[in-house]
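With these hints in hand, go ahead and build the complete structure from the sequences.
Our numbering numbers the first residue of the sequence shown as 78 and each following residue consecutively.
Don't take each hint at face value.
Straight-line Cα separation of at most 16 Å, EDC-like style, residue types lysine to aspartate or glutamate; simulated pairs [unchecked claim]:
1. K131 to E222
2. K139 to D120
3. K179 to E234
4. K137 to D114
5. K129 to E188
Distance windows between CB atoms, simulated [claimed, not checked]:
6. D169 to K220: 35 to 45 Å
7. L143 to K168: 12 to 22 Å
8. A126 to P105: 22 to 32 Å
9. N117 to V196: 35 to 45 Å
10. Q210 to S133: 11 to 21 Å
11. K190 to A100: 27 to 37 Å
12. L134 to T194: 17 to 27 Å
13. Y170 to K112: 10 to 20 Å
14. G195 to D169: 32 to 42 Å
15. K221 to D169: 18 to 28 Å
16. H201 to N117: 28 to 38 Å
No lab work stands behind these hints, which were simulated from the structure alone. All C-beta atoms, glycine included, are put in the ideal place defined by N, C-alpha and C.
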Amino acid sequence: MKQLILTALIAFSIIKASAQPPAGDAKPGDWYGEKVDIANAIDIAQIPAKLKDKESLNTKVKAKVLDVCPKKGCWLKLAVNDSTTAFVKMKDYAFFLPTAVKGKTIVLDGEVKMLTTGVSELQHYAKDAKKSQAEINAITQPKKEIRFTASGITVVE
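In structure tokens:
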């Protein structure tokens, strides 16, 4: 029994260490996580105003993907407007997206909050994004940002 558990742990560690983003072209209609009905999604540009009076909000938004974690596809960066971005993590780390989703428009369903992200977490994401060590070292201040926890994502364009 101990040998079976040990073998399972080793196999899980190897799989986890070699994790890659899922393959695929992220074509319109493809979905990840829970299937999201794209009807009635609001434009992500409305989120800052909607969060002014609330700590969090469950909503469905439409947005363009600016970046995706090249390591596993475990996070996204979305365009909110010309000067603001939003950061997306997947609920319970339950699904990932292919890197091909970069530049596409998606509808995501989930919870959105305004959070302050610490320096070490920002540096971690910069490392995931394969930024240079100089760029990583330049991150010295926490950042207040729009954060989504997505339960599902559908590619629309």
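The hints, checked one at a time:
1. K131 to E222: Holds, at about 15 Å.
2. K139 to D120: holds (5 Å)
3. K179 to E234: It holds: about 11 Å lies between the C-alpha atoms, which stays within 16 Å.
4. K137 to D114: Holds, at about 9 Å.
5. K129 to E188: holds (15 Å)
6. D169 to K220: 35 to 45 Å: violated (24 Å)
7. L143 to K168: 12 to 22 Å: holds (21 Å)
8. A126 to P105: 22 to 32 Å: holds (28 Å)
9. N117 to V196: 35 to 45 Å: holds (38 Å)
10. Q210 to S133: 11 to 21 Å: violated (35 Å)
11. K190 to A100: 27 to 37 Å: The hint (27 to 37 Å, Cβ to Cβ) holds, given that K190 and A100 are roughly 31 Å apart.
12. L134 to T194: 17 to 27 Å: holds (18 Å)
13. Y170 to K112: 10 to 20 Å: holds (19 Å)
14. G195 to D169: 32 to 42 Å: The hint (32 to 42 Å, Cβ to Cβ) is violated, given that G195 and D169 are roughly 21 Å apart.
15. K221 to D169: 18 to 28 Å: holds (24 Å)
16. H201 to N117: 28 to 38 Å: holds (35 Å)
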